[in-house]
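From first to last, the protein sequence lines are chains A and B.
In case it helps, numbering that gives the first Met the number 0 puts the first sequence at residues 0 to 278.
In case it helps, numbering that gives the first Met the number 0 puts the second sequence at residues 0 to 238.
Hints in this document: simulated from the structure, not taken from any laboratory.
Even for Gly, the Cβ is constructed at its ideal location relative to N, Cα and C.
Any given hint could be a false lead.
As the list claims (entries may be wrong) - Now the stretches of chain A that chain B is said to cover, found in silico as 3 or more residues with beta-carbon under 8 Å:
#: 1; stretch: 8 to 21
#: 2; stretch: 54 to 62
#: 3; stretch: 77 to 87
#: 4; stretch: 122 to 134
Listed below are the residues making up each chain.
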Amino acid sequence: MKDSRFYGNGLPYKKPANFKGSLIVIEGTDHVGRSTQVEQLKPWLEVEGYGVVSTRWTRSALLYETISEAKAGNRLNATTFALLYAADFADRLENEIIPALRAGLVVLADRYMYTAWARNKLMGADPTWSRSLFGFALVPDLVLYLKIDVGSLVPRALEGKGMDYWESGMHLAYGADLFESFCNYQRRLIREFNALAKEFNFTTIDARKSPEYIQNKLRDHIGNFLRLRRGAPMQQPAILAADRVLNIAPEAGMDFKPDATSESEPVADLDLVKVQAAK
Amino acid sequence: MTGLHERHPYPGKLIVVEGIDGSGKSTQLHLMHRWLEAEGYRVFFTEWNSSDLVRRAIRRGKKKDLLTPTTFSLLHAADFADRLIYQIMPPLKGGMIVLADRYVYTAFARDVARGVDPQWVREVYSIAPRPDLALYFRVPIEASLDRILSGRQKLSYYEAGMDLHLAPEPSDSFRIFQTRVLDIYDALTLEYDLKVIDAAREIDDQQRLVRQLVLDVIRGIEPKKPYERQSLLRQRPAV
Chain A
0 MKDSRFYGNG
10 LPYKKPANFK
20 GSLIVIEGTD
30 HVGRSTQVEQ
40 LKPWLEVEGY
50 GVVSTRWTRS
60 ALLYETISEA
70 KAGNRLNATT
80 FALLYAADFA
90 DRLENEIIPA
100 LRAGLVVLAD
110 RYMYTAWARN
120 KLMGADPTWS
130 RSLFGFALVP
140 DLVLYLKIDV
150 GSLVPRALEG
160 KGMDYWESGM
170 HLAYGADLFE
180 SFCNYQRRLI
190 REFNALAKEF
200 NFTTIDARKS
210 PEYIQNKLRD
220 HIGNFLRLRR
230 GAPMQQPAIL
240 AADRVLNIAP
250 EAGMDFKPDA
260 TSESEPVADL
270 DLVKVQAAK
Chain B
0 MTGLHERHPY
10 PGKLIVVEGI
20 DGSGKSTQLH
30 LMHRWLEAEG
40 YRVFFTEWNS
50 SDLVRRAIRR
60 GKKKDLLTPT
70 TFSLLHAADF
80 ADRLIYQIMP
90 PLKGGMIVLA
100 DRYVYTAFAR
110 DVARGVDPQW
120 VREVYSIAPR
130 PDLALYFRVP
140 IEASLDRILS
150 GRQKLSYYEA
160 GMDLHLAPEP
170 SDSFRIFQTR
180 VLDIYDALTL
190 EYDLKVIDAA
200 REIDDQQRLV
210 RQLVLDVIRG
220 IEPKKPYERQ
230 SLLRQRPAV
């Protein structure tokens with residue numbers, strides 16, 4: 000009797016519980032802007048009246064140091080890597096995500112098991128095995144995938160924190176130098192993400208566009224989802240509060256245009272436009 | 000990946016011992032180890048939960064009672080995987096005899112007694128080769144409890160299953176938790192063809208049986224030539 004809320008057989012020792020909250024995942028490759036987007040979603044959702052927690056990949060209290068050390072120490076291979084990722088994920092799932100869902104919060108997960116599957120596969124772990132590790136994982140309510148191509152990713156990486164050893168797949172010797180390896184590794188990683196997006200029905204967002212566009216798209220999808228789930232319209236946000244949400248690169252915000260394809264019900268981003276116009 | 004149901008293709012031999020704490024399995028493995036070395040075999044020894052990769056995380060998690068059944072299981076799996084790659088596989092491929100104090104069956108018994116899904120933990124450990132010989136030292140709960148308490152130490156928190164809050168007294172908790180573990184081990188002996196040794200018998204009786212079983216398995220493995228052996232006399236420090 001499989002619990003459909005879990006990817007595999009779940010956590011049999013946990014008492015069955017109602018997860019009143021929503022689990023929303025933002026996926027995408029390195030440098031695509033996930034973390035910044037999540038940071039901006041949080042205050043917006045709070046203004047909308049939702050309790051929010053966010054959780055980040057490999058940031059569990061239990062394993063953060065171990066994983067960082069192991070990466071620095073150059074002794075990990077596909078198998079141990081996959082297991083440490085899974086342990087980190089399990090720690091956050093049981094200690095952060097599930098309690099928050101029980102309490103009725105919106106959980107924003109910056110990356111989820113799909114990241115592990117994509118990376119593990121490139122490292123050469125058996126894909127079936129690597130997936131079965133996550134049999135205890137909750138299936139997210141919504142996966143928003145920030146899709147980009149390598150060509151658009153490269154300038155972002157260079158203007159951002161730069162290309163690091165792991166993001167460049169240097170452990171896999173994908174190229175003669177960092178740049179070449181980065182491109183080759185990320186190209187393959189993106190290919191994996193694209194395949195997963197198809198298989199698991201991610202909601203794809205064009206991440207080549209501006210951060211404001213992406214943020215508004217994310218808000219559209221999340222807003223729609225939460226409204227459907229509640230079965231009631233979201234509260235109208237107060238202008239004052241919406242103003243506070245607007246601390247996202249003000250000058251870049253000017254090129255934002257409401258997306259013609261998403262003429263659903265007005266979501267918070269329309270208020271955002273109003274505020275922009277008023278300035 | 001050959002998995003636990005197929006023979007591994009490597010020239011070495013993998014011999015593992017299983018049993019709950021206080022079953023005397025480590026003593027038996029130690030005696031076997033001494034004997035094999037004295038016979039001139041190339042032997043490599045590895046022990047459950049001993050790689051330094053996750054040691055800190057495990058220790059930290061245990062100290063703060065942070066571990067859930069799933070993270071407990073995955074951290075031990077990471078430890079196992081690390082030892083598999085660096086300690087077990089190279090000597091196995093190199094034709095040595097590898098001795099392991101506890102193997103995947105420990106996880107199958109303990110983690111499932113903690114409540115994780117039996118199928119899941121088997122998938123996690125499907126990276127492990129099948130041992131050539133797996134010995135299970137079966138001991139009654141009270142005997143193991145006596146050995147632990149009369150001997151060295153207090154019951155460890157996790158060994159007693161205190162994390163499961165089964166009973167406030169460690170010895171009561173140990174009885175409840177390890178009885179579950181013993182029941183699962185019994186089922187595993189059939190599923191994985193573990194050779195059961197009656198651990199209530201005298202140490203030398205057990206060891207005689209152990210050596211018989213080991214001899215069957217290591218047939219075909221060449222001991223070192225006499226000139227390759229280090230003389231026991233030469234190992235002694237000069238007086």
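Checklist entry - Which numbered hints are broken by the structure, listed smallest first? => result none
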